[in-house]
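Numbering (this note's numbering), first residue to last: 45 to 163.
Careful, some of the hints might be misleading.
To be verified - Listed below are the simulated DSBU-like cross-link pairs for lysine-lysine, each with C-alpha atoms no more than 30 Å apart in a straight line: (1) LYS103 - LYS79; (2) LYS140 - LYS108; (3) LYS103 - LYS80; (4) LYS58 - LYS80; (5) LYS82 - LYS58.
None of these hints come from the bench; they were simulated from the model.
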Amino acid sequence: MDDRRDMVCIVCPKGCPVQAWEEGGAVHIEGELCKKGKPYIQQEYQDPRRVLTTTVMTKGGRFKRLPVRTSAPIPRQDLFEAMAVLSHTRVTPPVKIGEVILAGISSGVDVIASDDLLE
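Please construct the entire structure, taking both the sequences and the accompanying hints into account.
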């Protein structure tokens, strides 16, 4: 079965359109790509990942929400589950930027604070 997907490379501002499909365990790409684009399209075809950025509720402190993000990209299919977990997460000040808010949310990736939360 030919599972061709139209994709756009986002490694650089050019946004090259390509088609990708898997055959015999290898990802084939049709279209013009630079040497940086090929690994991106192969990764995106086989195992798409995203950095999750969101906010979590706070207990006390001046602000009601704290911006957070994953420390590395997580599998795209895990995004909604991670958001559900984070919707029930509460942090108490003080929190420093880069501090782990939730360890190992997906594939061993941590959720970290994107800002300081002082009392």
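Violations among the numbered hints: Hints 1, 3 are the ones this structure does not satisfy, whereas the remaining hints hold.
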